[in-house]
Amino acid sequence: MSMQPQILAILTILPFHHVTDPFQKSGKRLIVYHTNWAMYDRKFNVRDIPIYYYSDINYAFVSLTMNDQGFYVPSLSDSWSDTDKRFTVADESVPPLDPPDNGQPCKPGQYYGNFGQFRNLKTINPAFSLGFSIGGWTLSKHFSTAVRTPETRQAFVQGILDLLNQFPQLFDRVDIDWEHVSPAGENYGDEGNTTHPKDGEHYGLISALPLAIMAQTLTSINVMTYDYASSSWGPVAAGHHTNLFSTPYAPLSIHNIVEALLARGVPANKIVIGAAFYSRGFANTDGLSRPSSGTVPDQSWEAGLCDYLSLPRQGAVEHWDDQARATYSYDPVKKILNSYDSVQSVTEKCKYVWDRGLQGIIVWESSGDFNVSHPRSLSTALYHGLTRDPRQ
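If you count the sequence shown from 1, position 179 lands on 179 in the UniProt record's numbering, and the numbers rise without skipping.
Think of the hints as simulated: they come from the structure by calculation, not from any bench.
30 Å max Cα-Cα, derived BS3-like pairs, lysine-lysine:
id : residue 1 : residue 2
1  : K141      : K270
2  : K122      : K270
3  : K43       : K107
4  : K270      : K351
Quick list of the computed label-pair ranges, beta carbon to beta carbon:
id : residue 1 : residue 2 : range
5  : A303      : V333      : 17 to 27 Å
6  : R86       : G294      : 34 to 44 Å
7  : S289      : V333      : 11 to 21 Å
8  : P390      : K43       : 27 to 37 Å
Keep in mind that this is a model prediction, so the values were computed, not measured.
Just so it is clear, CB atoms sit at the ideal spot from N, CA and C, and this is done for glycine as well.
Using the sequences provided together with the hints, build the complete structure.
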């Protein structure tokens, strides 16, 4: 079976990269996504993010829309969530409270919403690095058009700069989450598709390119090491969706993908592996590696997917697969299996990062975890696992 690494397409601009002291000391990174829709049904706000437990936060997502000149440029995908909502309730807001709007729109240069909340957070802890993420699974369709020619690329980059300048001293990075780059759109002979010798002085780059080229030019590579198995794709065997090692019933694994990257010349200290704050569920199955049919309907927000903080479900028993270094739970009455990360599995991933000299771990997404004071908190386990070398 072909083991093609699934690489998250990201361009990260780091003009002033800074991390909290424990991460700076360890040299590892823990990057978490926070979505602009978390404030709605999930009722998870910026103030709920345990910012001291992460080195980086990626705010998802910014979209691509056509400007007056006919070029696709970055734009806010939800202005109410991003900049307009007034947080006037103490248990929802990072202090100080926003003033009520009284029906008045924001003045030029004035903003509230999640961006305003992050601005307030930076006064409390200016050490964490904040980036906005362009694209994602549903907003990536215009990327090919946006980077097709030198003219469209120039407009695209200018659009990024315009958005950064619109919110000065707020964002440190730009995360381009192109899902997914494919060879069908490549045009590496285009003389306009170039880099500058000084680019590497202040900017960290993460992108999806042929690996031989990536190894020469990029500073970090984020690998989407989750969703290996999902009932959303149709009838499949119940399996692990973010396992560290392969088994006969779970051939895809983090280790295999890391090995593939290393074999193709990617330095270990550029690789960031993934962890998930959610499960993939399988219905009508007799257990791990057994056939399943249909997605699980009673999950957190969509069929087949459940937030980690809701696991294990009532009636299910949690199990550890020592060969795969992965956790799952199974309900023998409902015949439902959920595959997910646990404190044990993310601790194993942290050890793997240290043992292999990798750069760190990326997490999707912030609202799915327990509070950091809870014994099952993955954020706490990841923080301790990446700021303390277990070999010492």
